[in-house]
Each structure stands twice: as C-alpha cells, then as structure tokens.
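Protein chains in written order, with my numbering: chain A, 16 to 505; chain B, 16 to 505; chain C, 16 to 505.
Worth flagging that the hints you see were computed from the coordinates, not collected in a lab. Treat the hints with care, since some could be wrong.
No distinction is drawn between identical chains; accordingly, a pair holds when it is met within one copy or between any pair of copies.
[Unchecked claim] Lysine to any residue pairs mimicking SDA-like chemistry, simulated, CA-CA at most 20 Å apart: (1) K412 with S360; (2) K289 with F168; (3) K289 with L445; (4) K289 with T500; (5) K410 with V465; (6) K410 with F290; (7) K410 with S443; (8) K289 with A299; (9) K410 with A357; (10) K289 with D499; (11) K412 with L359; (12) K470 with G170; (13) K289 with A494; (14) K289 with P497; (15) K470 with S443; (16) K289 with G170.
Spelled out from the first residue to the last, the chains are:
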Amino acid sequence: MKSPPREGIVMRFSWEMCGSTIWGVVAMAVLTVTLSGNLMAQEEAAPAAAVEETATATEAVEETPVEEVGEDAYSSEEYVASEGYSTFTVNNLWICISAALVFIMHLGFTTLESGLTQKKNAVNIIFKNVWIVCTGVLLYAFWGFNAMYPGDFNGYFAVGSWFGQSLNDTAMTTEAYNPGYTWWGDFIFQAMFAATAATIVSGAVAERVKLPVFMLFSMLLVGFAYPITGSWKWGGGWLDQMGFYDFAGSSVVHAFGGFAALACVLILGPRTGKFTASGTQTIAGHSMPLAAIGVFLLWLGWFGFNGGSALSADPKAVSYVFVTTSLAACAGAVASILTSYAVLSRPDVSMALNGILAGLVGITAGADVVGEGSSIIIGLVAGVLVVISILALEKLKIDDPVGAVSVHGVCGVWGTVAVGLFSFGGHSLLTQIYGTLAIGAFGFIFSAVVFGALKAAFGVRVSVEEETVGLDISEHGMAAYPADTVPTPA
Amino acid sequence: MKSPPREGIVMRFSWEMCGSTIWGVVAMAVLTVTLSGNLMAQEEAAPAAAVEETATATEAVEETPVEEVGEDAYSSEEYVASEGYSTFTVNNLWICISAALVFIMHLGFTTLESGLTQKKNAVNIIFKNVWIVCTGVLLYAFWGFNAMYPGDFNGYFAVGSWFGQSLNDTAMTTEAYNPGYTWWGDFIFQAMFAATAATIVSGAVAERVKLPVFMLFSMLLVGFAYPITGSWKWGGGWLDQMGFYDFAGSSVVHAFGGFAALACVLILGPRTGKFTASGTQTIAGHSMPLAAIGVFLLWLGWFGFNGGSALSADPKAVSYVFVTTSLAACAGAVASILTSYAVLSRPDVSMALNGILAGLVGITAGADVVGEGSSIIIGLVAGVLVVISILALEKLKIDDPVGAVSVHGVCGVWGTVAVGLFSFGGHSLLTQIYGTLAIGAFGFIFSAVVFGALKAAFGVRVSVEEETVGLDISEHGMAAYPADTVPTPA
Amino acid sequence: MKSPPREGIVMRFSWEMCGSTIWGVVAMAVLTVTLSGNLMAQEEAAPAAAVEETATATEAVEETPVEEVGEDAYSSEEYVASEGYSTFTVNNLWICISAALVFIMHLGFTTLESGLTQKKNAVNIIFKNVWIVCTGVLLYAFWGFNAMYPGDFNGYFAVGSWFGQSLNDTAMTTEAYNPGYTWWGDFIFQAMFAATAATIVSGAVAERVKLPVFMLFSMLLVGFAYPITGSWKWGGGWLDQMGFYDFAGSSVVHAFGGFAALACVLILGPRTGKFTASGTQTIAGHSMPLAAIGVFLLWLGWFGFNGGSALSADPKAVSYVFVTTSLAACAGAVASILTSYAVLSRPDVSMALNGILAGLVGITAGADVVGEGSSIIIGLVAGVLVVISILALEKLKIDDPVGAVSVHGVCGVWGTVAVGLFSFGGHSLLTQIYGTLAIGAFGFIFSAVVFGALKAAFGVRVSVEEETVGLDISEHGMAAYPADTVPTPA
C-alpha cells in the first residue's frame, strides 16, 4: 500500500563521478554546496511569501517576535482551521514517528549483528552500520527518492534527482500532496526504509569483508539498486501494474536484501576455520544480551515499518497491522524454539531470536490483508523455515554469520507468497511468486555483478592474518572492549 | 480507568489438552490452523463487502490499483469525512503507540534481570523473556482477552475464547466500539500488558529454576490466572463493583506479579551459596550497564503503560499522567539513594535503579487522580519501602535476585493503598486495601498451588551441579559471552 | 520557537537552605510534604467541580462507575465535541511523546559516557546520570519551570516557584493555555530538556570527579543556572527581544552545557596518566557497543528534542525538522569519518559516532529555518569541527574523556551562528554570535565560580589512589561487571 507515482523534479545526476567511496563522498559534499546554492534561490522565495502573508494579518505581526515569521509560513491560520487539518496532522505525525521507529531498527541491526559475531569484529560492524544509515539517507536524498517514486518513468528505470523541494511550496505540505503525509514525511520515512536493505547484507559478510569495498558496495546497493526494484512496485512500475502485492516490503526490502547478501557470501567465501576437514565449527556470537537488544529493538521498529506502511494513521489499518505483526513475531519465535529443540535437542536462544525476525519478515508483505489466524500460521511457517534454512546453508558450506539470508531472503519470499495463499483480495499466487523472484533475482544479480567486479578490481576479502587478528584491530586500529588504560593496582 | 465489559464471542476452550509446555504449543498450532479455517470463512465476507463499497464509488476504483481494495475496506470515505474521525484516529494511534511502549518494557525486563544476575545465566533469562512475551500474546489471543473483558460473566470467572473478530466488522473499528480505540488497538495494548505479569516472576526465580517447568508455569500465569484477577477490576467484576480503583495496574499487574513471585521463591528456595553458615553473601549482578538500560527502558515503557491507560489521547489525562509518573519515578530514585546511603553507607546504584521502578509501580494505581505533590510523596515512600523490603527479605532468608517481590509486590500494594490516602474522588481506603490484598492473595495462592504441584510432579529446581555450572550451559548448551572461536594470535 | 512568557504563580523559594546535596534533598522532601499539603487544598476543589459537572449530566453518572468521576473532570463532553479539540489533542500528544523521546536521551548519554570511559568507572557514570535526570526533573518542578517561563520578570532574572497547577484548572488544559499543549505537557517536555544540560558536563568530568560534589553541582546547574539563560531566550528575556534565534537549543542547551563542561575540566585537571612526560596517552573507552547504543538513542531522542520544539504537531514543521535533523546527523558522520581518516589515517568509530552528535547539535538552532541543502552543509562543517576540536583540546592538554566540550560547546556555537548564515528569515549573524557567546559565557562563568568554590570548600577531585582503583569501587563499593559469585567449576 504505497503512494502512486508522483510528479517529481527529475534532474540528471552523474553517478559516474563517484569512482570510489572517498571520491563519492567528496562529490556529495561538493554537490551539496552547489545544489544548496541553487536551492537557496528557491528557498529565498519562502520568507518573502511569509512576510506578505503576515503583513495582511497585521495583528499577528504585532504579537509574534521576528523569528515566528518562519512558523507562520508553516501553518497559515486559515489552513489550520480548515476541515481535514487535524486528520492530516495525525496521519503525518504517525508517518514521522514511524520514520523514527524504522530508524531505531538500524540500532537493532547494529547490536544484533555485533552480538552474533565475534568480539574482535564489533567495532567494524558498528562502523559499517553507521556508514550505511548515514550515506543511505544522503544518497536517497540525492537520487533514490525521485528515482523510486518518479514522475518520468518507463516502468523499469527512472533517472532520479535531488529530492529538494522548496520549503515554501504549500502544495507539498498539505493533503494536496497526499492525505497521509507531507513531502518531507514521505521522504524521511522512505529514506529510513531504504538504508535497511544494505544493513541486511552487512551481517552476512561480517568478520571477513574489506571495509572500503563494503562501504562502496553498500552505497551502490542503497543508492542505486534498491530504488530501482522499489520503483517496480511502490513507484508504480511493471510489478505494480501486474497486480503484485507487497504491503511493507517482504520482497522489496527483505528478499532483495537477503538475496543480495547470498550473492555476496558466495563470492566472499566462508570465514576461515568455519568449514574444516574435521567438520563444521560453530563460531559463536560474543554477546547474547547485545543480540537480544537487537531483536527487541527490531520488533519495536517493525511497528513503524509495517504500521507506517498503512501510509496514514487510519485506526483500523494501523491497529490491525500491529496485531498481525505481533502475532506473527510471537508464532515465529515459538516455532523456531520447537523446531530447534527437535533438531538440536536444546532450546537455542539465537534460534528463538531469529524466529521472531522470521515471523516479522514473513508477515510484512500481507500484514494488512491476511486474517489473524493466518498471521499466526505465516509466523509459524516462517519460524520453521528459518531454522531449516540456517542449518541447510551450513550443510551447503555457505557461511552467513547472522542468518541474514535465511531470515530476510527465505522468509521474505515466504511472506510474499503467503499473500497469495492467505489473502482474500484477489492477489494471485503466481503473480506473488513471480514478483518476489524478480526482486530477489535482481538483488542477487546486481550484487553478483557489482561485488564480483569489486573482487576483480580490489579484492573483497581481508587477508587471513587480518581476519585472525580481527577487523577491529586490522581495519580500525582499536578494540571494542579495551582493558582499562590506567591499570587497577592488585 | 478501563473500558466496561463488552459483549464478546464466548466459546469454550479446553485447556486440559495442554498437559505440558510442548504439547501446549503443539495444541496452539493445531488450534490455530483449525480456528483460522473457521476465521477464513468469516474473513472471506470482508473483501466482498469492500468490493461492493468501492463499486458504488466508481471514481475511486478508477484511481486506485487492485490492492487498494483492502485499504478502502479499512476506511470508507464517508467515515473519514465524518465528525469525530480525527479524534478517534489520534486516540487509537496513542493506544497503538502505547502498546509499542509497553512492548519495549519486555526488553527492559530482559536487560534488567540479566544485568542483575550472574553472567552464567544470561542466556537463560533472555530465553525465558522471549518465551513469556511470545506465548503471552498468543495465549491472550486464544483465551485471555475474552476472559478478561467478557460478555458472559458471573463477576468472578469468565470462560474466554479466541479473540478473533472479522476484519470487516466495522462496528469493531469505529467509535461504535469505543471512543478511544478499535477492537485491535484494545487487544494489542492489553496483550502487551498481560505478558508483563509473568515477566515479574521470571526475575525472582532466576539462576535456579528448571526451564521447562518455568515455561509451563509462565503460560498458566499469563494465560489463565492474570485474566481472572484482571477481570475482577477491569472486566467489570466484583472488585470494580465495590468501587476499587486501580488506574493502570499497581495491583492488577504489579502486586499480582510480585506476590506470585513470592510464592515461587518460597517454594524454590534460595540460590546455593546465598545463605550460608558464615552469613549472607551478596551475589552481584554481572552488568550494571545492562541493568541501567533495563530500568531506563522500563521508565520509557511506563509512559505507555500509564499514559495509554488513559484509554484515549485526551490532552489533560495523558499529559497529567506523564507528569505524575515521572515525578514519582524521580522521587523514588532520590529516596532509595538516600535510604541506601543511610543504611549501607554507600551510594548503591542498584538501589537507585530499583528506586525508579518503585516510584513507577507506586504511582501506577493513582497516576490520574492524585495531585502532583502527592505523586512525589508516593514516589518517596515507595523508594524508602523498596530498600527496606529488599533488606528485610534478605534477613528473612528469602532470595529474590532482582528485588521483584519488593519492587512489584510491596510497592504495588503501597501504590494501591495510596489512592485511598491521596485521591479526592471518593476512593475508600478500606476498599483499596481490600482489593489489593485480594489480588495479591490470588496471585500468591495460584502460584503456590500450581508451582507447588509442578514441584511435586517434576521438581522445580535444577541440580546443584547445574546451578553451579550455570543455566546457560546446563539448559541451553551455550554461553552468553563466548570467547572468540578463531583465536587471536598473541 | 518557544512559547511567549506566561503568567505563572511566582512565589519566593529560599534556595540557601540547601547547603549540601543531602540537605538539599531532605529539604526537597520536606518542601514536598508542605507544598503538597497546600496543593491538596487547591486540588480538593477539583473533584467537587467534577461532581457538579457530572451531576448536571445525569445520564453520564448513571453509566459510569465511581472512579470515572475523575475522568469526566478531564474531558467534559462539550469540550471534546468542540471544533479544534482533535487538533489540540494531536498537538499535545506529540509534545508528550517528544518528552518521552527526550527522556530516552538520558539513557543515550548514560550508555555513551560509560562506553567511552573505562570499565572501572561505569557504575559511577550510571549513578550520576540517574541522579541528574531525577533531581533535574524535581528541581524544575520546584523552581526551574516558573523561573524559565516567568510571569514577573526583568528580562535577566526571574524568581521562580513550585510549578503546581490545580488539576481542575481547565484554562491550563485547553487551547486557552496554548494551542500546542497543556500546562502539564509543557512542563514535562521542558523538564526533560532541562536535565540534559547537566548530563553534558557529566561526561567531561568523568573518571576523576568527587561524587557528592558533582551531585551538588549538577543540581545547581540544572536547577538554578539553566533556567536563567533559558529564560533569556525562551522565556522572552533580553536575547529574545534582541531577535536572537535558537530553535531547539544549540545555544540554550548545548553551548551552555559544553562551556559549563569546559570550565569544570579546566578546574578539575586531566586524568592521571593522560598527559605524561612521554606524551599524550589514549585512554580508550571500555565498550564501543555501549557507545553506539548511546549515540543511536540520542539520535532517536533528537527527533523529539527538535521535532517537539515545533511546539505542535504541525505537519509541515514536524516533518521538515525530521528531515533537516537527519540530514545533518548523516552529514556530520560522513564528514567526521573522512576528517578522522585524513588526520588519523584510520576509520575511527568514536569519531564517526561523535560526528553524528556534532551534526545533531549543529542543526538544532536552525532545524526549522534552514534549507535541506544547508542542513547538509551545517552537518558537514560540524563533523569537521568536532574532530579538529577534539584533537586541539588534546594538544592543549585539556582532558575531556567523551568529547563533550567539542560536541556540545563548539558545535553548539557553530549551529547558532549557522542560523545567521543559512536562514532567510532576517536572523542577524551578529545577533546570533552575540547570543551564543552570552549563553556560553554564562555557562562557563557560572561553572567556574560554583565549581571553583566547591573546589576551595571540599575539593572536587578524588585522590590518585581512588582514581587508580576506579570510582566504582572507591565511591560505590561495587564493580560494573562483577565476576560470578558462585564460581563455575573448571
């Protein structure tokens, strides 16, 4: 349930200038300065209009200090008093709060991934996640937003441009733009979404990927690839026109990220010591409390991820999505616990945690259209699938330290297909299968080509020595948990 | 301030089939499939109606893609334009956000309890908390919701049934159901509440309880006992009819959970090595930062726990409850710090943290009806009480590793009684005392009987060897903080 | 964009009675009892009025149980049905949610500061942060709120009084008070803000400050000094009358706190072993995951800090502020990463984290009035500045363990000045410079005088032995991460 494509300011942006991570960022800075010069010209119109407005309302001028001119520009008195303003206000507020909730998923991913990996790579994981969310949001502003929700679009690819909109363009901040949110609310919610796709990959390649290569790859994935497949569905592209349904992104975000991760781990290979002649070794994560913090924060964030995808605060839609999302998460955990107990003969806490995520990923495609009972079944199946998939990938000697391919890839596909099985709104099972495979395949192929090219050009993997020492020391020159510098006397 | 009892679909549910934890869950899965089959029949009516609705609004059909049929079913245009819709929308949104805030209390409990116990039992605590919230929400859907807010009720016991409601029943998603929330908002908020009761027990029995026994016990406590006492007050039962007042659950949730915990620790006995011939030993928690994260998250969640108990977003009620809740928490911490300093001669951080919780539990019964000054006094008294109670239980050789009995039991009773002392709305002190003792006694007796029976049947305590090794290794076969698997060279 | 000064109940409060921390708190308790006695008299009027109100609406009385009398007092039916109620409800809800978000910044500061310092001082940092937020909110109730937003005011200093307002004063809980919030929403949002100022100092003086002295100092800073400078701008004082602009507190909160911190670290001196004959030593923080949790939570809280400073849920204002706040945070991190890479030749994770905070502090003064492009530039400059400043302070042998002076002081000034450079609303660059220097200077001078006097009276620094052992053991008698008490057999 995403907004139909809208008329954006489409402007060509030469991505080729970003030849490397560093250059990309320098370019971003230069671009920012240049663009903001242009934008200032646009923005400069705003206060003038505001002054005019307040000038006609002379009594307001007398009451308000100088800086409240800006405030008046935000909400003219006539508009605030108009019918519909309060509904629009609560709708937009919920989209903004949802953006904040999706934002906190980045902390969830950071703590989950670092908790499920070794102590000597925790700094590296934190650094990567900071990088992804920060460059992800900036790149979505520079290119992704107008590429994913384009005005000029052939159904497969849109060019994209700077997201900028004059602060003073009233049409962008009232129901005239969308009954559910302003242009700015729309952007920040979608920008926080976008960055999650690359974060999924981050966990899968942990403990052995070269940092600068991953920094560049993640920028290309969030900045370039995600808006393309996203636009296929949410931008009104060819999958949307086929009737494909993906409420909040089981495919658009999760299967996309999960299969991108699969391509990367296949190219990268397993961690040293994982698969040896004497068998498969469990490389335990260094902190289960950190992992638990991560999963609970992800669940919290999912209330915004799914709830905000109602694209308004509509009481029925938001509350129903909260219920299906939670039931699926609960069922996923219970199923994972039982499955892992049956298979591994012990109640495995990391499986329980991944079961919650499996249920959440599974319900994401159909949270608004499946029944309550169905949401439990979707969660149960996801919870079983994630355990089987994690164990199967190990058998296949595919090393995914945090289970990202299983949680996001496998359960993302399942959730999308489940819409065809459990919804009653005319969503074709075949279209659902077709759509999720198309999106997953694009994520996989894009990553295979780009990550493969990076491997050929620079290598994607640190040396065995660096891996053994840990990326924290070898890439960052610091430990995650240093001993006290000024030693305590005995 | 809870909704009056409502007409629910009452259906008999044979709980006896759930003879053990595993069987219970299997039964839940089977039931789910069966029920959802039935529900699908109900739900199937929905899209048909939706199609009719959109068919009459032909211009809407032309503008919206296929999947938005579901969306139209949520919010018919006439309703959205109606007077009152925006107030209902903001009310329901606040209840949903409150549910998310109460949800995060489960992470708060997880981190607090694991922080205040030993390193070797952290996995076990995380696992138990995941289990409680996940089965708690599911059981509340299967039985608790319709038992606690029943339609057919003798004032002491209601039968309960699956919470299911057709997605298409408009009466359940408008003010016609309740001016403050939809049926779904109501359920998810109350379900997140329910699971907190068992979490309180989890901390008290930590470090020595048998996992499968606790898993089963917690299911019975959340799924069966909590809805019974809850219905006495919030379901319109006999305590409610007596004029007993408990705004957000000082008794219904906290005293209930605290006295259930007391019964369990009495049956379970103290941790090995806690009370020895040479005196009482302090068994320190393994991570104060984890404990601090827990308490701050609990405080955050309490804004939803108490604020959401206004059952709408009414500006006066919500903002006033935020103020009294915060003042009591602050006063609780200050009083605990001073009291522990006076008694222990040092500024004890775990007492400071428990003081915050004491203040929060204390204000919960009367957050909407006591004055600001009174909220500070309630918090101060709670902060003193919690320290005295923790030390007194130690003297009595009752071992409660996280102070759950003192925080939730003692301060829950205090908060309920305080309504009789400090409110001016005609709340009788005697009724308050009577009500809180009744609820606490039920929690205690239920737990004594059920936990006692489990002790007789299976034993409730791990062996001394398992306790010494720690439950993480003995029950789960893994450590919370494993060393790096691939060792770093010297 | 703060509310204009309002008519408050001004009452003289003799602060001199609080000669020491302990006495201050005892005085607070006594005062509470005394005041609440008086307040009860005021509050007692409420239920009477409520009863009258419900008595006239006889059908309501018949339907509602006894305790709902209180509820009726909150929201009379006529008011709820009135035009504007729903807009007021969503506005007030957003201010309350913002208060909860600003509250969680205190957990962010707690985890950030403890993560960036040594393991042996983590308990001490947690304790200090609990103390600051708890006494901060209480003191703001007792004095700060009515001092900062005074009714009787010479433009430089207001006397202040207990914040109490009768629960039944309808004028305080409707648009009649303010279109954006009730009296209670106003208080709780501003109280959570107030406590952040002292928290900034807490990190800078970590690892060597005497606990009781800091406890007293922080109370004076939050309770006395912050409301004074705050009133200069947000209370309608002389800076406000000059046209000085500070949207959410780059100066009022951050520069104030940062320069107060600078005065304290200058008086306190560096940690033992930081600057030795053989050079400057890096004293590494003990947990990067804790630090990361802190920064992400601070960013989350900033959505309330800045978003709530719109002082309503106005769609344009809130969503626009979310966008500029996030863009600046992202740009700050990218700039800090590149700058630290250029200077230190490694991707430093603590610089990346401080870069996020630098961007957030920088955008805070102008989040509502600068363009999107400008918000990126402000963030980029802040990200560069913070690295340069941290390194420069080290060169100057000024020891600030967490970089508080650089993040909050330097970037707070930058953000305030940037409003003069990048906004188009007539904010004079000179006035901005003048205002931020005035506020920073007051923070610095107040702290220099008070902390200097405390040094002369009691000493502000622990002994070298205590510092070496760590404050956790020497001040609190406990460790942050104790080993398991009941040892695991080999």
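Going through the hints against the structure:
| no. | hint | in the structure |
| --- | --- | --- |
| 1 | K412 with S360 | neither (22 Å within a copy, 36 Å between copies) |
| 2 | K289 with F168 | neither (46 Å within a copy, 59 Å between copies) |
| 3 | K289 with L445 | neither (38 Å within a copy, 63 Å between copies) |
| 4 | K289 with T500 | between (34 Å within a copy, 9 Å between copies) |
| 5 | K410 with V465 | neither (27 Å within a copy, 43 Å between copies) |
| 6 | K410 with F290 | within (10 Å within a copy, 49 Å between copies) |
| 7 | K410 with S443 | neither (34 Å within a copy, 67 Å between copies) |
| 8 | K289 with A299 | within (11 Å within a copy, 31 Å between copies) |
| 9 | K410 with A357 | within (18 Å within a copy, 44 Å between copies) |
| 10 | K289 with D499 | between (32 Å within a copy, 13 Å between copies) |
| 11 | K412 with L359 | within (18 Å within a copy, 39 Å between copies) |
| 12 | K470 with G170 | neither (31 Å within a copy, 65 Å between copies) |
| 13 | K289 with A494 | between (23 Å within a copy, 19 Å between copies) |
| 14 | K289 with P497 | between (26 Å within a copy, 16 Å between copies) |
| 15 | K470 with S443 | neither (40 Å within a copy, 53 Å between copies) |
| 16 | K289 with G170 | neither (43 Å within a copy, 61 Å between copies) |
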